[in-house]
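K.L.:
These protein sequence lines are chains A and B, in that order. FYI, in this note's numbering the residues of the first sequence are 12 to 327. FYI, in this note's numbering the residues of the second sequence are 119 to 396.
A couple of the hints might just be wrong.
[Said to hold, decoys possible] Footprint (simulated), chain B over chain A, 3 or more residues, beta carbon under 8 angstroms:
#, segment
1, 101 to 115
2, 129 to 139
[To be verified] Stretch-level coverage of chain B by chain A, calculated; a stretch enters the list once three of its residues show a Cβ under 8 angstroms from a Cβ in chain A:
#, segment
3, 190 to 203
4, 286 to 294
5, 310 to 316
Don't read these hints as lab results, they were simulated from the structure. Keep in mind the model is a prediction, meaning the values are calculated, not measured. Just so it is clear, CB atoms sit at the ideal spot from N, CA and C, and this is done for glycine as well.
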Amino acid sequence: MRLIQDLSGIRTPNNLESNVILSAEHVSKWYISFKRRKTVALENVNFSIFKGEKVCIIGESGSGKSTLAKILCGLITPNSGEVRFEGKKLSELNKSEKKVFRMRVQYIPQCPDLALDPTWYLYDSLAEPLRIQKICSKQDEFERVKEVCERVGIGMDQLRRKPRNVSGGELQRVVIARAFILSPEIIIADEPTSMLDPSIQAKIVRTILDLQSESNIGIVFLTHDLELAKLVSEKMFVMLGGRIVESGYTRDILKTPLHPYTKSLLMGVPPKTEFKQNSPCGFYGECEIVSEVCCQYPPPESEVYGGRKVRCWRYA
Amino acid sequence: MVGIKPSFMETTGLLLISLVLVMVILSFVVGNVIFYPRSESPYSPPSQSNLLGTDDLGDDVLTLIFRGSRVSLSIGIIGSLVSTLIGTVIGALSGFCGGSLDDILGWLTDLFIVIPALPLMIVLTAYLSPSFWNVVLVIGLLWWPTTARLVRARAWQLRSSTFVEGLIGIDASKIYIVFRHILPNVLGVVLARFVLSISHAILLEAGLSFIGLSDPTNPSWGTILHFAMTRGALLQGAWWTFVPPGIAISMTSLGFILLGMGLEQRYRIGPKSLEGKI
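Please build the complete structure, drawing on both the sequences and the hints.
P.N.:
Given below as structure tokens:
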């Protein structure tokens, strides 16, 4: 029912401003590499997620998805722009507020093999967030670990092992359990299934979605897989070369893609040339409709209708 | 994946080290009972009563060597323990924390690498008066830079790994990460380094005592060599006073080097499967 309401446009940014939990405003991140060459990872990105919302960020590798995810969980500081958590700037949080932020926003990394300390037993790795945040006693800790293990579907006896002794799928479940153990409000999952084989992928996605609906938390999926995006998200952000080129409700975007890049993505046609760092649009090399302005100035972000934003000169 | 079966190098190393350990234990257990501590004549050649002859004072050389094993081994182990501890902590902090702390500690490490260690050790030991603990201290304080470099490299690698990023994501402090996660992960490398530096410490100690910078009341193998050199054993042709301690020193340090190299191969950073294929 909620989904239908969303799609009918009842949920507009204006009347729900207070429900935004995590947002990024004009965030840019660049790296100065060898010989002072500037590599732009993110450029003027605006992003927001509401309470209990399922959002998907889609884009090819190198488009800045992971950078955005890490900036959102405060693992990387942006060069310019601000990340806000419940309206407060992340850079201005004091120690206790930061602790709350770290508890509420959790990150599921891409590769489960590297996500846990190889010298620690899984039980300790799983209980570690509770110990660091000092929120429960030893007995409660065991109960909580047990409960979260049941929810993600791992047996307690698996936890007596070390990461190298369990399979990738089980490890990913442990990593997911670790993210959920602090009962967060937002989970940022950075391609949680990309390292797993297809049969397990579906189960893992199911697990995450079940957990999401049980506790009504916001979830950000990062993926390059359109099918997955279709399955998991209500809202979608399409990224290209460090910019969000199109955003809106998933169903709208899939039905009527506006940006030429999204179109080519949906048609399953891989772009002919690689993204050019210095080109103003990033896509004009293979766009069918190129005007003069495309080669000169970067396109502005423009709202086409109710929450649907596109970064293309055609809609400016 | 670390195999359980010891390699040839490790087996040989362990064998040599256990020989020395037997010497140490024997020197405590039977000590002066079995061996004749002092015979009448100085520089008497090996005989039935003195298996390795006697030195200039008529002391039994075998007894001296057995007693010397205690000193050499304990200085080697304690000295390298101190140096490994210093090196590990400095390396881990420097590699993990990065930034200006890394710069400062890196500069300090470079400084200690650049300073020629042996001359400085000689000067320091002479200045501090050559006692057991001073020798340990000097070895410990001057022999850490290589360990620090090694640990720093590994910590630097771990710092950008996903699981450390995840730890920052759940608000773990830097000190917590270094001591609970980085150090356990570098333990293998540190162990190999520790065993290797025992052999260095034993050699250094022998070198220092050979030139007379050791406690003469508590003679180590190097001290025996020192007395053989200064009191005319060479001129007398009393080979039994300087050959056995020399062999003892080289075999012990060889034992630790072999074990250390074996361990280093075990915990080597990098693709093991490619070994021998390139």
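K.L.:
So, for every hint listed, does it hold in this structure?
P.N.:
We went through each hint and held it up to the structure:
1. 101 to 115: holds (count 4)
2. 129 to 139: The restraint on the segment 129 to 139 of chain A holds, since 4 of its residues have a Cβ under 8 angstroms from chain B and three suffice.
3. 190 to 203: Violated, because only 0 residues of the segment 190 to 203 of chain B bring their Cβ atoms closer than 8 angstroms to Cβ atoms of chain A.
4. 286 to 294: holds (count 6)
5. 310 to 316: Result for this restraint: violated, n = 0.
Hint violations for this structure: numbers 3, 5, all remaining hints satisfied.
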